[in-house]
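Asks: Same order as they appear, the protein sequences are chains A and B. Under our numbering, the first residue of the first sequence is numbered 28, with each subsequent residue one higher. Under our numbering, the first residue of the second sequence is numbered 28, with each subsequent residue one higher.
One thing to keep in mind: the hints can contain errors.
Any copy will do: because identical chains look the same in the list, a pair fits if it lies in one copy or spans two.
[Unchecked claim] Below 20 Å or equal to it, Euclidean Cα-Cα: the simulated DMTMM-like pairs (lysine to aspartate or glutamate) are:
#1 Lys86 / Asp255
#2 Lys176 / Asp334
#3 Lys137 / Glu346
#4 Lys222 / Asp150
#5 Lys267 / Asp301
#6 Lys176 / Asp207
#7 Lys75 / Asp207
#8 Lys86 / Glu204
#9 Lys75 / Asp87
#10 Lys176 / Asp253
#11 Lys86 / Glu216
#12 Lys75 / Asp55
#13 Lys137 / Asp150
In case anyone wonders, no lab produced these hints; they're calculated from the structure.
There are 2 protein chains.
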Amino acid sequence: MSIRVGILGYGNLGKGVEKAVGVAEDMDLVGVFTRRDPANVSIDSGAKAYHVDALEGMKDDIDVLVICGGSATDLPEMTPKYAAMFNVIDSFDTHANIPVHFTNVDNAAKAAGKIGIISCGWDPGMFSLNRLYATSVLPGGEAYTFWGKGVSQGHSDAIRRIEGVVDARQYTVPVPEALDAVRSGSNPELTTRQKHTRVCYVVVEDGADKAKIEQEIVTMPNYFADYDTTVNFISAEEMKRDHSGLPHGGSVIYTGTTADGQNTHVIEYSLKLDSNPEFTGSVLVAYARAAYRMNQAGDAGAKTVFDVAPALLSPLSGEEMRAHLL
Amino acid sequence: MSIRVGILGYGNLGKGVEKAVGVAEDMDLVGVFTRRDPANVSIDSGAKAYHVDALEGMKDDIDVLVICGGSATDLPEMTPKYAAMFNVIDSFDTHANIPVHFTNVDNAAKAAGKIGIISCGWDPGMFSLNRLYATSVLPGGEAYTFWGKGVSQGHSDAIRRIEGVVDARQYTVPVPEALDAVRSGSNPELTTRQKHTRVCYVVVEDGADKAKIEQEIVTMPNYFADYDTTVNFISAEEMKRDHSGLPHGGSVIYTGTTADGQNTHVIEYSLKLDSNPEFTGSVLVAYARAAYRMNQAGDAGAKTVFDVAPALLSPLSGEEMRAHLL
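With the sequences and hints as input, model every part of the structure.
Replies: Below you can see the structure in the form of structure tokens.
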């Protein structure tokens, strides 16, 4: 029997989840749920589009609901709401608010006897797992996380809000010297500026004051002021030709020692992703499988990637995993 | 209350486990158990040495027994035997025999209500986990495992058995061009010879026939014949000065696609270890913590790293993990 999956939200991430469900042999896509008029939403795979309000009447038709919303306002409301009806999974990534979000989802999911896996994807997600495995094996070491080279949608949006800007793409780029220093095992202290640079491609209106826009970008607090930032003004055609993908990636590098510091060990996990939303969607779908199985086994409440035994992510049997992957 | 750990076997791996227990704040080392006369075994940490026969009388004194024996003859007998008395963990790595070993440990552990985690370390172990996570997230991709640069004890031993050889150290070295091809995402087909080379350092008896020894090494079936092998004859002093460590490491590189092959994603996990037995011992100790906790929660039977939720490896609370590692 296939796992019946619903997708709530049909932006880049929702489309990534749709593609991943499409290649999961043990899953069926029940439909995509949207706040827009479903008549105006064309679903790539041909699955049915529903208005989000239809969800409440479909409690028996969906085994796991994958919630693809923004962490700022959507997920804090949606994930607890739907955890009261379905096994759910989200990619909540506002770090400071994870404890509150976890509690809210936990309460709703426990009351309903459902599983809610939060903060799933690659960071938080696969990167978090690697930080946990490394520090569990080698306590007392140091974890360094580098992001990029890749497009930061939050930073791109921040530039787009500047007057005179038509479009923008911001790449986060790790500093090679910082990566080398960390990989050497020397445990360097690195400032924000020493770890990453920010490279921006900006399309402006005709006659816009480029010098002023550049100044506004590089001095923007929180987003750019603490980084070495490069601004490149390009045409709309160049933007479309050279920057329409959403690549990303990065590395978690952990250095720890044994034998009273005499022996150093370097653990590195890195991702090089052609499409950030498609990879994130693929992670969500693997954890959707786990959410369903944990619930079938009688478990309920909020979970993170830390709580999920890896075997639950795979459609393979225990025997197959031990024979081919161990 | 601390987890009470016993170590069975006191070679390089047992000493690595001892060091890792020493830095685990939630564990106490009850003692080291050996087939030798314990009066002649000096334990680095000052823990007590016991004869292995003492184990049967200490069922209530040990929460987890870490079994540090060889996969060829020790572990197939020891792990099921002691799984009938204790929660146990081993590093069994004879791949073809894992199904039988798993079944034997499972039967013994279930009958005793204990947990037995088998095949723990870095390969099998952390590398296996990365193969499983990657293929679960991106089904249909290709996993490439490279080992080294590092000392292979099995290959070093094989050289030592040749007549006229006094000592030998064999390094397994991944071929840089193969690594580059895999990292590019091009999914190359690679033969054994294309993936790794073998570099040997050999000390011979005075007057030994070096040409004959070299020929015996490079043509040795299973061990060397399928590889490009380099043999360097060195003095006993050079061996001691330059090759007394046991470094190792390697990479699991997984390439998979989304969107019908349009987007490629590369996942790489790599280890660079100053001491293979100390790192392996550290992994065993983290999983010893998990074995104890799974058993406390009422679970029993044989497990592998695939069955262990990552949170069980860490002494941190769920709140701490979510705040600092997620």
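Asks: For each hint, tell me whether it holds in the structure or not.
Replies: Now the hints, each set against the structure:
1. Lys86 / Asp255: Close neither inside one copy (50 Å) nor across copies (61 Å); limit 20 Å.
2. Lys176 / Asp334: Classified as neither: same-chain Cα gap 30 Å, cross-chain 34 Å, threshold 20 Å.
3. Lys137 / Glu346: between (32 Å within a copy, 18 Å between copies)
4. Lys222 / Asp150: This pair counts as within: shortest intra-copy Cα distance 17 Å, inter-copy 31 Å.
5. Lys267 / Asp301: within (16 Å within a copy, 47 Å between copies)
6. Lys176 / Asp207: both (15 Å within a copy, 18 Å between copies)
7. Lys75 / Asp207: neither (49 Å within a copy, 43 Å between copies)
8. Lys86 / Glu204: neither (53 Å within a copy, 53 Å between copies)
9. Lys75 / Asp87: within (17 Å within a copy, 60 Å between copies)
10. Lys176 / Asp253: within (18 Å within a copy, 39 Å between copies)
11. Lys86 / Glu216: neither (51 Å within a copy, 47 Å between copies)
12. Lys75 / Asp55: Classified as within: same-chain Cα gap 12 Å, cross-chain 58 Å, threshold 20 Å.
13. Lys137 / Asp150: neither (26 Å within a copy, 38 Å between copies)
Comparing the model with each numbered hint stated earlier shows that hints 1, 2, 7, 8, 11, 13 do not hold.
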